[in-house]
Amino acid sequence: MKSVRVQRIIGVAGAAAVLVTAAACGSSGPSKSAGSSSGGTGGTGGATSGVTLQVLIGSSGDAETNAVVAAGNAWAAKTGNKVVVTPAKDLTQQLTQSLAGGTPPDVFYVDASKFQGLVKGNALADVGEKITDSSDMYPNLQKAFTQNGKYYCVPKDFSTLALEINTDLWTKAGLTDSDVPTTWDQLETVAKKLSGNGVTGLVMSDTLDRIGAFMRQAGGSVVSADGKTVTADSPQNLAALQYLQKLGKEGALKFPKQVDTGWGGEALGKGKAAMTIEGNWIVGAMQKDYPNVHYKVVPLPAGPSGNATLSFTNCWGVAQKSSHQAAAVDFIDYLTTVDQQMSFAKAFGVMPSRQAAKTQFTTQFPDQAAFATGADNAFGPVGFPGFDAVQKDFDSKIQGLSDGSSDPKSMLSSLQKNATDALSNN
Amino acid sequence: MSRTRSQEDRRQALAGWLFVSPALLGLIVFLVVPIVLALYVSFTNWDGLSNPLGGDVKWVGLHNYQQLLTHDGLTRTTFAGALRNNFWFVLFVVPTQTALALWLAVLVNNKYLRGRSFFRTAFYFPSITSSIAITLVFLFLFQGGGAVNGILNWFGVKGPNWLADPRGVVHVWLSGVGVTKPPGWTQHSVMGQSLWDWFSGPSIAMMVIIVLVIWTTAGTFMLMFLAALQNVNEDLYEAGELDGAGSWQRFRHITLPSLRPTLLLVLTLGLIGTWQVFDQIYLTGNNPATRTPAYMSFDQSFQNNHFGIGSAIAFLLFALIMGLTLLQRRLIPEEID
Numbered sequence: 001m002k003s004v005r006v007q008r009i010i011g012v013a014g015a016a017a018v019l020v021t022a023a024a025c026g027s028s029g030p031s032k033s034a035g036s037s038s039g040g041t042g043g044t045g046g047a048t049s050g051v052t053l054q055v056l057i058g059s060s061g062d063a064e065t066n067a068v069v070a071a072g073n074a075w076a077a078k079t080g081n082k083v084v085v086t087p088a089k090d091l092t093q094q095l096t097q098s099l100a101g102g103t104p105p106d107v108f109y110v111d112a113s114k115f116q117g118l119v120k121g122n123a124l125a126d127v128g129e130k131i132t133d134s135s136d137m138y139p140n141l142q143k144a145f146t147q148n149g150k151y152y153c154v155p156k157d158f159s160t161l162a163l164e165i166n167t168d169l170w171t172k173a174g175l176t177d178s179d180v181p182t183t184w185d186q187l188e189t190v191a192k193k194l195s196g197n198g199v200t201g202l203v204m205s206d207t208l209d210r211i212g213a214f215m216r217q218a219g220g221s222v223v224s225a226d227g228k229t230v231t232a233d234s235p236q237n238l239a240a241l242q243y244l245q246k247l248g249k250e251g252a253l254k255f256p257k258q259v260d261t262g263w264g265g266e267a268l269g270k271g272k273a274a275m276t277i278e279g280n281w282i283v284g285a286m287q288k289d290y291p292n293v294h295y296k297v298v299p300l301p302a303g304p305s306g307n308a309t310l311s312f313t314n315c316w317g318v319a320q321k322s323s324h325q326a327a328a329v330d331f332i333d334y335l336t337t338v339d340q341q342m343s344f345a346k347a348f349g350v351m352p353s354r355q356a357a358k359t360q361f362t363t364q365f366p367d368q369a370a371f372a373t374g375a376d377n378a379f380g381p382v383g384f385p386g387f388d389a390v391q392k393d394f395d396s397k398i399q400g401l402s403d404g405s406s407d408p409k410s411m412l413s414s415l416q417k418n419a420t421d422a423l424s425n426n
Numbered sequence: 001m002s003r004t005r006s007q008e009d010r011r012q013a014l015a016g017w018l019f020v021s022p023a024l025l026g027l028i029v030f031l032v033v034p035i036v037l038a039l040y041v042s043f044t045n046w047d048g049l050s051n052p053l054g055g056d057v058k059w060v061g062l063h064n065y066q067q068l069l070t071h072d073g074l075t076r077t078t079f080a081g082a083l084r085n086n087f088w089f090v091l092f093v094v095p096t097q098t099a100l101a102l103w104l105a106v107l108v109n110n111k112y113l114r115g116r117s118f119f120r121t122a123f124y125f126p127s128i129t130s131s132i133a134i135t136l137v138f139l140f141l142f143q144g145g146g147a148v149n150g151i152l153n154w155f156g157v158k159g160p161n162w163l164a165d166p167r168g169v170v171h172v173w174l175s176g177v178g179v180t181k182p183p184g185w186t187q188h189s190v191m192g193q194s195l196w197d198w199f200s201g202p203s204i205a206m207m208v209i210i211v212l213v214i215w216t217t218a219g220t221f222m223l224m225f226l227a228a229l230q231n232v233n234e235d236l237y238e239a240g241e242l243d244g245a246g247s248w249q250r251f252r253h254i255t256l257p258s259l260r261p262t263l264l265l266v267l268t269l270g271l272i273g274t275w276q277v278f279d280q281i282y283l284t285g286n287n288p289a290t291r292t293p294a295y296m297s298f299d300q301s302f303q304n305n306h307f308g309i310g311s312a313i314a315f316l317l318f319a320l321i322m323g324l325t326l327l328q329r330r331l332i333p334e335e336i337d
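Keeping their order, the protein sequence lines are chains A and B.
Numbering of the first sequence is given in our numbering, commencing with residue 1 and proceeding in unit increments.
Numbering of the second sequence is given in our numbering, commencing with residue 1 and proceeding in unit increments.
None of these hints come from the bench; they were simulated from the model.
Be aware that one or more of the hints could be misleading.
[Said to hold, decoys possible] One-sided and incomplete, this derived list gives chain B residues near chain A with beta-carbon spacing under 8 Å:
(1) 44
(2) 48
(3) 50
(4) 73
(5) 74
(6) 153
(7) 157
(8) 159
(9) 161
[To be verified] Only pairs whose alpha carbons sit at most 35 Å apart, straight line, appear in this in silico DSBU-like list of lysine-lysine:
(10) A/143 <-> B/111
(11) B/58 <-> A/246
(12) A/192 <-> B/58
(13) B/111 <-> A/409
(14) A/246 <-> A/346
(15) B/158 <-> A/172
(16) A/120 <-> A/296
(17) B/181 <-> A/120
(18) B/58 <-> A/270
(19) A/392 <-> A/120
(20) A/228 <-> B/158
(21) B/158 <-> A/192
(22) A/288 <-> A/358
(23) A/193 <-> B/58
(24) A/417 <-> B/58
(25) A/397 <-> A/78
(26) A/392 <-> B/111
(27) B/181 <-> A/249
(28) A/417 <-> B/181
(29) A/346 <-> A/172
(30) B/158 <-> A/272
(31) B/181 <-> A/89
(32) B/181 <-> A/228
(33) B/158 <-> A/288
(34) A/143 <-> B/58
(35) A/150 <-> B/58
(36) A/358 <-> A/346
(37) B/158 <-> A/397
(38) A/397 <-> B/181
(39) B/158 <-> A/246
(40) A/346 <-> A/82
Beta carbons: idealized from backbone N, C-alpha and C, even for Gly.
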């Protein structure tokens, strides 16, 4: 008798607790829809002074964090607001957690590859058009942050891939300025010449974010321009992988782990690589970690179908649920002026996303001109939700290209299959 | 009279419930509700960007479980790979750490051993050190040009690039005896992986983590065995000695049977712990050669925003651990018949 009663009481208590919790969680529902309707009417809700903006950034290091904090303080002093900048250890995870919890930061970095997922999750306010002269941003960057015809968020800056050459090793191998490779064949020739004595001609990260440039140079792509069909399994992409496989077999190409380094910049700095392929971020890293290594930056060599490189970009996202959207837009407006973008460029080596700042950038940083020229034939990353896992699976097989354990054909056919599968789940 | 007694009973019961209510509330809020919610999420397409109970979340039935178990796609292949990795991990770690822990416990239980407390501390030390710190040290030791390969070099052995080496040790061994091509019958595919891949053995990268985990957890289990050893009745050993039993016979027929409940405890804890291995895997990066279901659950949830699949993995893992633990209890009864 007693045990029945105990069970009943436990049952009632449990059910009550679940109900209470459900009600508590449910109560955030209406507030959310209220938030989205205010976003629909222009997102101008909230005061523009006396507010505290929470800013979450995925920082590349102290230089970037300090620069963003300084910009935040300057804007705060000007407008009578407060800015709290939090550098995330793992931006995706921390942002997801705070969005799920219903209290996202007001302003945050959004990586181009995560953008579509956030739009789908109704997490981003549509603020792209609201900043001053927003159409001055590079068109391909605007496109990266446009979904369903809406220009959601403002490109923060961007980077492109280029070829970095260790000039000391270059001259030691008897090469001159006229040998700088402009075609795949020339790249192969110099990479072979530079290899030996503990040096590898070319070391680059084993990821689609590098290999993809070679696919583009061969005329291939992973998804079609409209993003609706997967085009990974193509003869062009095969040509790119086979070219890299050949370089790997000749010992002219290795991947960072094979030379005990974490990425291309480290391999270049430690003298284990004569050449690497990285983006603008390598400039700051070389300055900080290997200030005595001499190197220069040249555009990527052209493939069978011409010049191509990859671009990487972030935007300043504003949370749909933020109650300070007007202040957030004002803050972003401040951050994306030509002057502010140039000071970010100085601080941590990114390129301004405004076309108006291009000449200023190339005159101020002539040795980084190769990155800026890349902007004209740069392709953004594949960004549909679910592609991350597909890319990781592909990336894990790239290292096998150099020792023959991965077959280019089957790599591409499984990329095709997995990407198609992921795309159909959207 | 009887009525007042039942009133008294009721008052006592009420007081009882009042006393346990804080603990009960804690259990419900932090244990029952999250579990129920996670079970619910495993049947939805929740992306983690909104309220899981809100209107944007769709009930998808068994879809997430199908993606993991029956649908021929990347998710299933990845999950099968993770199960394979973890299976070999458990197979290598649990018996070895149990045997090592028992051996160490018997050693430091020896009354005639000098500096007993020093050895006890030394063996226990890895267990109380942060797993993150120890894993980082291992990452450095086992780099391609790290200390381990440096030592191997003295003996003219060229060590592999440990943590970047995805080859399975069974495959390596097979190619050593001349089997380089998978035989035809191993091409049969189970959950998107060929039998040949299932029987690859732990990858060389995983071997590093296996050694690390054995070394760090043996100390904890040694302590459990040590406590049990000190409860074994000395008279039994004396009686054994009088009957002319050697030291191995005394160990086999007196020590081991007395340790049976502890052995079961250690094996069960070991089994549960090894199927949940996460920290060490997290630090070695998202590497298919070391990925485990626990890590995949995290990765699917927080990196790919597939919280449904992440939760489904957690429940499949729970079912697996539960099943294996029950099986183990059946194979090793607590009491001797």
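Verification of the hints:
For residue 44 of chain B, the suggested interface contact is broken, since its CB lies about 13 Å from the closest CB of chain A, more than 8 Å. At about 5 Å, the closest approach between the beta carbon of residue 48 of chain B and any beta carbon in chain A falls short of 8 Å, and the interface hint on this residue holds. Evaluation of the residue 50 of chain B hint against chain A yields a held restraint, the C-beta minimum of about 6 Å falling below 8 Å. Interface hint at residue 73 of chain B: satisfied, since its Cβ lies 5 Å from the closest Cβ of chain A, which is below the 8 Å cut-off.
With its C-beta approaching chain A no nearer than about 4 Å, residue 74 of chain B sits inside the 8 Å limit, and its interface hint holds. The restraint placing residue 153 of chain B at the interface with chain A is violated, with a minimum CB-CB distance near 14 Å, outside the 8 Å limit. Look at residue 157 of chain B: its Cβ only gets to about 18 Å from chain A, farther than 8 Å, so that hint breaks. Hint status for residue 159 of chain B: violated, given a least beta-carbon distance of 12 Å to chain A, over 8 Å.
Hint status for residue 161 of chain B relative to chain A: holds, with the closest Cβ pair at about 7 Å, below 8 Å. For the hint linking residue 143 of chain A to residue 111 of chain B, the alpha-carbon distance of about 76 Å lies beyond 35 Å, and the restraint is violated. A threshold of 35 Å between alpha carbons decides the hint, and for residue 58 of chain B with residue 246 of chain A the separation of about 48 Å lies outside it, so the pair is violated. Taken as a hint, the residue 192 of chain A and residue 58 of chain B pair is broken in the structure, with Cα atoms around 55 Å apart against an allowance of 35 Å.
At roughly 65 Å between alpha-carbon atoms, residue 111 of chain B and residue 409 of chain A are farther apart than 35 Å, so this suggested pair is violated. The suggested pairing of residue 246 of chain A with residue 346 of chain A is violated, with an alpha-carbon distance near 39 Å, which exceeds 35 Å. Between residue 158 of chain B and residue 172 of chain A the alpha-carbon distance is near 29 Å, which keeps this suggested pair within the 35 Å criterion. Restraint check for residue 120 of chain A and residue 296 of chain A: the C-alpha separation of about 41 Å exceeds 35 Å, so the hint is violated.
At most 35 Å may separate the alpha-carbon atoms for a hinted pair to count; residue 181 of chain B and residue 120 of chain A exceed this at roughly 46 Å. Proximity of residue 58 of chain B to residue 270 of chain A is assessed by CA-CA distance (about 51 Å); at most 35 Å being required, the pair is judged violated. Taking the CA atoms of residue 392 of chain A and residue 120 of chain A, the gap is about 22 Å. The hint holds against a cut of 35 Å. Proximity of residue 228 of chain A to residue 158 of chain B is assessed by CA-CA distance (about 48 Å); at most 35 Å being required, the pair is judged violated.
For the suggested pair residue 158 of chain B and residue 192 of chain A, the alpha carbons sit about 25 Å apart, so the restraint of at most 35 Å is met. Only pairs whose Cα atoms come within 35 Å are accepted, and residue 288 of chain A paired with residue 358 of chain A is accepted, the gap being roughly 25 Å. Between residue 193 of chain A and residue 58 of chain B, the direct Cα distance comes to roughly 58 Å. Violation of the 35 Å bound is thereby established for this hinted pair. Simply put, residue 417 of chain A and residue 58 of chain B have alpha-carbon atoms about 26 Å apart, close enough for the 35 Å limit, and the pair holds.
Of the pairs offered as hints, the one joining residue 397 of chain A and residue 78 of chain A is violated, with about 51 Å between alpha carbons and a cut-off of 35 Å exceeded. Between the alpha carbons of residue 392 of chain A and residue 111 of chain B the distance comes to roughly 55 Å, so the proposed pair goes past 35 Å and is violated. For the proposed pair residue 181 of chain B and residue 249 of chain A, the alpha carbon gap of about 21 Å is at most 35 Å, so the pair holds. A hinted pair counts as satisfied when its Cα atoms are at most 35 Å apart, and residue 417 of chain A with residue 181 of chain B qualifies at roughly 25 Å.
A distance of roughly 32 Å separates the Cα atoms of residue 346 of chain A and residue 172 of chain A; the hinted pair therefore holds under the 35 Å criterion. For the suggested pair residue 158 of chain B and residue 272 of chain A, the alpha carbons sit about 19 Å apart, so the restraint of at most 35 Å is met. Pair hint residue 181 of chain B plus residue 89 of chain A does not hold up; C-alpha atoms about 44 Å apart against a cutoff of 35 Å. Pair hint residue 181 of chain B plus residue 228 of chain A does not hold up; C-alpha atoms about 39 Å apart against a cutoff of 35 Å.
A hinted pair counts as satisfied when its Cα atoms are at most 35 Å apart, and residue 158 of chain B with residue 288 of chain A qualifies at roughly 34 Å. At roughly 29 Å between alpha-carbon atoms, residue 143 of chain A and residue 58 of chain B fall within 35 Å of each other, so this suggested pair holds. Annotation: proposed proximity of residue 150 of chain A to residue 58 of chain B holds, straight-line Cα distance about 25 Å (limit 35 Å). Only pairs whose Cα atoms come within 35 Å are accepted, and residue 358 of chain A paired with residue 346 of chain A is accepted, the gap being roughly 14 Å.
With a CA separation close to 24 Å, the supplied pair residue 158 of chain B and residue 397 of chain A stays within the 35 Å bound. Among the hinted pairs, residue 397 of chain A with residue 181 of chain B is consistent with the structure: their alpha-carbon atoms are about 19 Å apart, no more than 35 Å. Distance restraint check for residue 158 of chain B and residue 246 of chain A: the Cα-Cα separation of roughly 25 Å lies within the 35 Å cut-off, and the hinted pair is therefore satisfied. Simply put, residue 346 of chain A and residue 82 of chain A have alpha-carbon atoms about 25 Å apart, close enough for the 35 Å limit, and the pair holds.
Violated hints for the displayed structure, listed by number in ascending order: 1, 6, 7, 8, 10, 11, 12, 13, 14, 16, 17, 18, 20, 23, 25, 26, 31, 32.
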